[in-house]
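**Student:** Combine both chains into one complex, guided by the hints.
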Amino acid sequence: MNRVHVTKTILWMLVGLSTAVALTRYMFGLGATTNLTDATPWGLWIGFDVMAGVALASGGFVITAIVYIMRQERFRPIVRPAVLTAFLGYVAVILSLLVDLGLPWNIWHMMIYWNPHSPLFEIGWCVMLYTSVLLLEFSPVPLESTSRWARVRSVLMKLRFPLVLLGIMLSTLHQSSLGSLVLIMPFKLHPLWYSALLPILFFISAVALGLVMVSFEGLATSWLYRRKPETDLVARLCKAAAWVLGLYLVVRLGTISAAGQWALILDGSWESFLFVFELLVMAVIPMILFAIGRVRRAVSGQWIGCSLVVLGMVLNRINTGGLTMIGATGDFYFPSWMEFAVTAGILSFMALVFLSAVEHFHIWSEQPHEREADPHASPEFSRSGEVWLGSPPVAARTRYSFAFVMALAVGVALMPGERIRSSGVSQVSAQAARGGDTLFIDGNRDGFGVAFDHPRHVSANGDKASCVLCHHMNAPLDKQSGCTTCHRRMYQMADAFQHDWHASPKGASIACVICHEEGVYRTAGSALPCDACHRDLVPPGVTIEVKSYRAPSYVDAMHDLCVSCHRRKTLELTDRPDHAQCRTCHETPLPDYLQPDMADLLRRPGYNHVVLPAVVKGSN
Amino acid sequence: MSKAILTDVTKCIGCLECVSACNAEYDLPVDVPTVWQKNDGLSAKNWTSILRQQPEGRYVRIQCRHCLEPACAAACPVGALQRTAEGAVVYDENKCLGCRYCMMACPFGIPRYDWDRALPYVRKCTLCIDRIRDGREPACIAACPEDATIFGEREDLLVLAHQRIADHPDRYIDRVWGEHEFGGTGVLYLSDVDLEFLSYRPAMDIALPKTIEAAMQSVAPAFVGMGAFMLGLNWIIKRRQKLQGGHGSEEE
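These protein sequence lines are chains Z and P, in that order. Going by the working numbering, the first residue of the first sequence is number 1, and it counts up by one from there. Going by the working numbering, the first residue of the second sequence is number 621, and it counts up by one from there.
Hints were generated in silico from the structure; no laboratory data involved. Hints may be right or wrong, so weigh each one.
What the hints assert, rightly or not - Which residues of chain Z face chain P? A few of them, derived with a C-beta cut under 10 Å, are:
hint : residue
1    : His117
2    : Gly179
3    : Gly424
Stated by the list, open to error - In silico lysine to aspartate or glutamate, DMTMM-like type, Cα no more than 25 Å apart, as pairs:
hint : chain 1 : residue 1 : chain 2 : residue 2
4    : Z       : Lys569    : P       : Asp712
5    : P       : Lys830    : P       : Asp712
6    : P       : Lys658    : Z       : Asp556
7    : P       : Lys830    : P       : Glu775
8    : Z       : Lys547    : Z       : Glu418
9    : P       : Lys658    : P       : Asp712
10   : P       : Lys665    : Z       : Asp331
11   : P       : Lys665    : P       : Asp712
12   : Z       : Lys479    : Z       : Asp463
13   : Z       : Lys464    : Z       : Glu518
14   : P       : Lys658    : Z       : Asp331
15   : Z       : Lys479    : Z       : Glu517
16   : P       : Lys665    : P       : Glu713
17   : P       : Lys665    : P       : Asp750
18   : Z       : Lys464    : Z       : Asp478
19   : P       : Lys862    : Z       : Glu518
20   : Z       : Lys506    : Z       : Asp463
21   : P       : Lys658    : Z       : Glu271
22   : P       : Lys665    : Z       : Asp536
23   : P       : Lys631    : P       : Glu775
24   : Z       : Lys228    : Z       : Glu217
25   : Z       : Lys569    : Z       : Asp556
26   : Z       : Lys547    : Z       : Glu518
27   : P       : Lys858    : Z       : Glu73
28   : Z       : Lys479    : Z       : Asp437
29   : Z       : Lys479    : Z       : Asp531
30   : P       : Lys665    : P       : Asp651
31   : P       : Lys658    : P       : Asp647
32   : P       : Lys658    : Z       : Glu418
33   : P       : Lys665    : Z       : Glu418
34   : P       : Lys665    : P       : Asp736
35   : P       : Lys665    : Z       : Asp560
Said to hold, decoys possible - From chain P, some residues computed to sit far from chain Z (all C-beta separations above 10 Å):
hint : residue
36   : Arg703
37   : Ile785
38   : Glu833
Please read all numbers here as calculations on a predicted model, not as lab measurements. Each residue gets a CB set at the ideal place from its N, CA and C atoms; glycine is no exception.
Here chain P stands alone, though its shape is the one from the complex (with noise of 0.2 Å):
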């Protein structure tokens, strides 16, 4: 069981309630553009917002995709980002050291900084695992006037899309984004318009952590063969330079 959201581009108006419901469950302050931010609105005070730009006459609501296997989890050398059982990926700021590694290994840019504090943390959206686990939807869900976006299980959601992809074959183009791309994620799109640019390349369909999966585990038997081979090198060599006579390695 994974909860998931889906946005429906063709219904949503941009009206921002769901920024606006964010915000305000959260407790975060007004944001103000900064040097370090990208253009797509979010920030370390921001964790969802709309796309009001591009594409042209669409909005795209934006946030951390929750993915199934989440690269920025595989990447946190101290296991600060975990993906819940509920399916949320979320921060622990109390284990955190602040390499930033997960906001470089992140495919759609989530993660977010703190750059303007002396004590920084990364901040992204949490899929409100609270209202969750108290069996509420997300704040941003509640929020929408128009169930652009909503939320449930990640297969009804999928059924649901294909569903309505079968009903109006003319208005959506047929794929649901975020079902297979980087092994998948929690956050699912429908729309009308090409949606590739919302991650940095187009989009893979391989899970991110695969790609570090095998020198990860070759790490140990090339510890052990690193040694053996050393060991075995030294033998020979001192061998051979008994066998000529002298010069050996005298000790200091």
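Next up, chain Z with everything else stripped away, as it sits in the complex (with noise of 0.2 Å):
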């Protein structure tokens, strides 16, 4: 296995993993697989994907505005490779836009219903009309092959020079109106990275990437396939991005000083501390590091230039998209592993691709050589499982579809069932009621509940027989249960039955015939009921029957309970219309026996006026 291998089989199962929080994300929703929140809608997907996304690709407009607008000849070994990486980049932010929309089949909306206001409008058509220009420039490349498309092909060729020129009009425009796209947001964005020439900016620093992402691809390429990496080229390349960087670094402190906020640079916040980090990264350290000769044109030294100044971009664009607006918006946010996995597996499918359009078409000067592109070489053998593999591209279609395939099947398995049933469910645990005659029943102790006056509902309700009517239940070998020992979530169903621990040896031990008959299908419905042993359970003379082993959630049981009890008594007491609406049980006045943190918490003006939606709604 050489490195071409192991790269390829990391990136299938990325592609594999990705695939299975795709299908998680379509059959149940974002809500499912993002940490995305009202508070932040645009999470990880807007921030890297498409932001840094659309930057990352520039090296594409930059490369051929070189070489076919300004004519600089000797860059022309490297246009094609930037091309492929900015079709492919394009592909990329398409697609993560397709798992990120919520409703991604009417992405083709933007073609009917117009609203050219809307900086993503403009945004939306730049980046449908350059991909496609983007293909069309790149297409030559793969009909060289065949003579059949010679015509075409040959049309494609004398096309070039007005689509390299329209290439470079669109992505001047949608580069800027990236930056254009935060311009709405003055009341969330940080004021360091809001500023009216955002557009500027975001073109500015795009050309600066284009140039590094071209050195920076043609480094990493001639690692993985062990080539001569353009060492000369990629010199030249840094030399002009240190110019960029500079007039980047003029530009945006020009800003912060017309602002007047070299204070906020200075003011210690954790956003003051990012911006000067950002700043160094992005660009001045790469620009002082590129204007030195010897460091530029050492493979070392663009290695690191070019890493920095990826990695500056990158987080350039995510504080712009969002980060910084944490400080308003007050919500953090951090992406869940399943948008990290999307992430990857989008990048890595691109990459596969990138990889195979350069093993099988004539991309660089010098194609690389790929066993497993070559039908004729001799068949493989693997050792560990003593078996052929077959020629080459067979043994290597199997090693790739088995990584894909257990990734897919290893994503399957760690999608997060809990969150999926859930559907977003806060987990609040539910409180015992506290006091003594009177109740105070709150479970999430919000200070919203009732003062439920226990010894009048006793004597108006039959003394002794009143018990039975709400105290439906005890845990085994107990008298007098709370109401939150099954009933334990505030707003979910709990389990109160716990199969697993009786049928564990380190719990109840108890076999499974003792409870499901032998030769039925066993489910909770074929079980026995749980009085069948647990005599105790129910108090003689119960009203309440217990059908499930769930428990409802401790809101749905309380209000069931009262509610329906109350609405029976709206017919018997005729004096009494009002006993079955919320401010009765709502609204009681404050007993003065309270525990003192209880007052407390009943003096809270809301309390007495509160009527829970929930109640009305739930109760029929």
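**Tutor:** Following this line, the structure appears as structure tokens:
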């Protein structure tokens, strides 16, 4: 296994993993897979994949401008890889959008429903058009291997200059419009990143990043295929990048100066540190490195400088696209592993397409020889499995398919079932009611509960006989279990039975056949009821029938219990028409003998007027 | 003519009848707290809510502000959000593609998303546009027992609001929230406490669509200008290379 094989296997695994996540996302929605919230509706997929992705794909327009517009012939060898990477980058952006958009099948709506005032509308159109332009710019390369399409190819070659020109014009628009995207949020974006000149800053930085990205790709692929790196060309690109980065710094610091925001940089907030770090990494340090001739001509210097710019630019796009809005929204967002997996998977897929194109078409001046692309090479033998894997292409396909399928299976197994089932409901444990004769029932302790007059309810419902109206079940060996013993969760069903504990040798260690009859399919419905063993579980005379081993949420249990009884009473007590209304319970006057902390809760102004809408709707 | 709502914070008793009425009018499912809600009570299943915790001792009903120049409508790439002649900012789910730019652009953080659905839509108050067109007032207004929140022409409500301030200068802060904030909103507030917390940062008096206007107007000039610049550059360099002799770019 050489570098290429190992890399491709890893890439296929990431693709498999992201496929599993994408399937989950389409079946169960964005909430099941992402950490996005109403306060942070844009996350990694917009901040990195779209905002940074478009910027990272800027190499295409920069290099075509250098070679075709400025006629710098020595850069011609890197035009093809640059255009191909740009095209794949834009496809990656579109794929990310298809995952991120809530209704991705409506993405074409931008063509028929126009809102020309929206920056996103303009970006959408530019990305659509520019991706098509890049496809046309690149397609002569795959077409040169066949003679059948010679006519088409010659037409495309004639169209190349206009296509390049159109590509540069379109890139100018959407690279800068990505900056306009956040201009509408002055109330959210941190002032150090907000500037009316954001579109211009975005465009300048995209040009710098384009120069650096082309160098970076050259360095990375020459490492991968053990090619000789184009050190001289990269050094020239880095020198140009140093100038553009300098221009960027001047404009960026100029906007800070003009807005009088120097004090913000020094105020010691986390944003100020982030700003300094971002500026150092994306512009200042690489500019200095690239300005030194010896550094920019050394492969290690190129690696360090290019990596810094790429990292810094990505950080800049993420900061502008949402990270520095945290200060205003107060909602801390960190992507879920599934969001990272999808991002990695899409990039991996594009990398695989790139490597495949490099092996099959004439992208570089010298085409790397890959055994797996050669159907006439001798077959491979796997020592561990002791099997013939077939010819190298077949063997490679087998390996990659295995990596993909296994990663897909692992991804499906890792899907958080709890998260999918609960569909985002906050997990709040119900707290037991407090107090003596007057119980303060407030399961989530938010101070908007009910003060329940226990003696009055007892005397009004027949003293001793009244207990079982509410206390319908006890835990085994207990005579007075509280509601929260089974109704453990505030808003969700809870398991009141604990099947695994009953079956486990460390728990009750009961054989299956004791509860589940032999020969009948084993379900909760066909099993023995609890009181077949636990005879003290249900007190005699209980009117409430327990139908399931799953206890309803505390809120539902309390409301069902009180409201259903109060509704019946409304018919009996003709003088109390409001007996089943929210405020009957939620407006009980404050008893003065409550414990001090409860009294404090009850004294809060909201307490006496709260009418829970859920009661009205859930009670019929 | 533009309809509006005036909410008087000093009159609200926090009974939540408006919330119940809204939920009943649109048959919204029971709302339970979810991890993706903000702590203001609004969600895809709850389009208006009453802030009970802050400020102390007051109830502030929040809902979509129906801005005169809505940022969400300017942001939406397909125009799924539109301001109608009646003054309501309404959402067309048949156009929406789910980019959630409207949620990012709203200075009050109002639009909510169906995070738990595989077919998600943006959800927010509609100002009961169908009821208005039938000549009725919004459901929440009809339900309010204290007339703390009232409905009418925006101009009339502004006059009324300033009249109330003039009548009870000791009772109100001399400011109608929503008169100028973000270019003016269709939901006005009278209050005896500061309501700055209703928007992300202290409200500005600029209409947000204005912030992208300059950038969007320079799109066409930038497009043409870059094309002309590139052609000119190409012509100059080509000519210089020709004068220096040879070294021209051969095709392919």
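**Student:** Compare the structure with each hint and give your call.
**Tutor:** Here is what the structure says about each hint:
no., hint, result
1, His117, "holds (5 Å)"
2, Gly179, "holds (8 Å)"
3, Gly424, "holds (4 Å)"
4, Z/Lys569 to P/Asp712, "violated (46 Å)"
5, P/Lys830 to P/Asp712, "holds (23 Å)"
6, P/Lys658 to Z/Asp556, "holds (23 Å)"
7, P/Lys830 to P/Glu775, "holds (23 Å)"
8, Z/Lys547 to Z/Glu418, "holds (23 Å)"
9, P/Lys658 to P/Asp712, "holds (24 Å)"
10, P/Lys665 to Z/Asp331, "holds (20 Å)"
11, P/Lys665 to P/Asp712, "holds (17 Å)"
12, Z/Lys479 to Z/Asp463, "holds (18 Å)"
13, Z/Lys464 to Z/Glu518, "violated (42 Å)"
14, P/Lys658 to Z/Asp331, "holds (8 Å)"
15, Z/Lys479 to Z/Glu517, "violated (30 Å)"
16, P/Lys665 to P/Glu713, "holds (16 Å)"
17, P/Lys665 to P/Asp750, "holds (19 Å)"
18, Z/Lys464 to Z/Asp478, "holds (19 Å)"
19, P/Lys862 to Z/Glu518, "violated (96 Å)"
20, Z/Lys506 to Z/Asp463, "violated (43 Å)"
21, P/Lys658 to Z/Glu271, "holds (23 Å)"
22, P/Lys665 to Z/Asp536, "violated (42 Å)"
23, P/Lys631 to P/Glu775, "holds (21 Å)"
24, Z/Lys228 to Z/Glu217, "holds (13 Å)"
25, Z/Lys569 to Z/Asp556, "holds (20 Å)"
26, Z/Lys547 to Z/Glu518, "holds (23 Å)"
27, P/Lys858 to Z/Glu73, "holds (12 Å)"
28, Z/Lys479 to Z/Asp437, "holds (19 Å)"
29, Z/Lys479 to Z/Asp531, "holds (15 Å)"
30, P/Lys665 to P/Asp651, "holds (6 Å)"
31, P/Lys658 to P/Asp647, "holds (22 Å)"
32, P/Lys658 to Z/Glu418, "holds (21 Å)"
33, P/Lys665 to Z/Glu418, "holds (22 Å)"
34, P/Lys665 to P/Asp736, "holds (11 Å)"
35, P/Lys665 to Z/Asp560, "holds (21 Å)"
36, Arg703, "holds (12 Å)"
37, Ile785, "holds (24 Å)"
38, Glu833, "violated (8 Å)"
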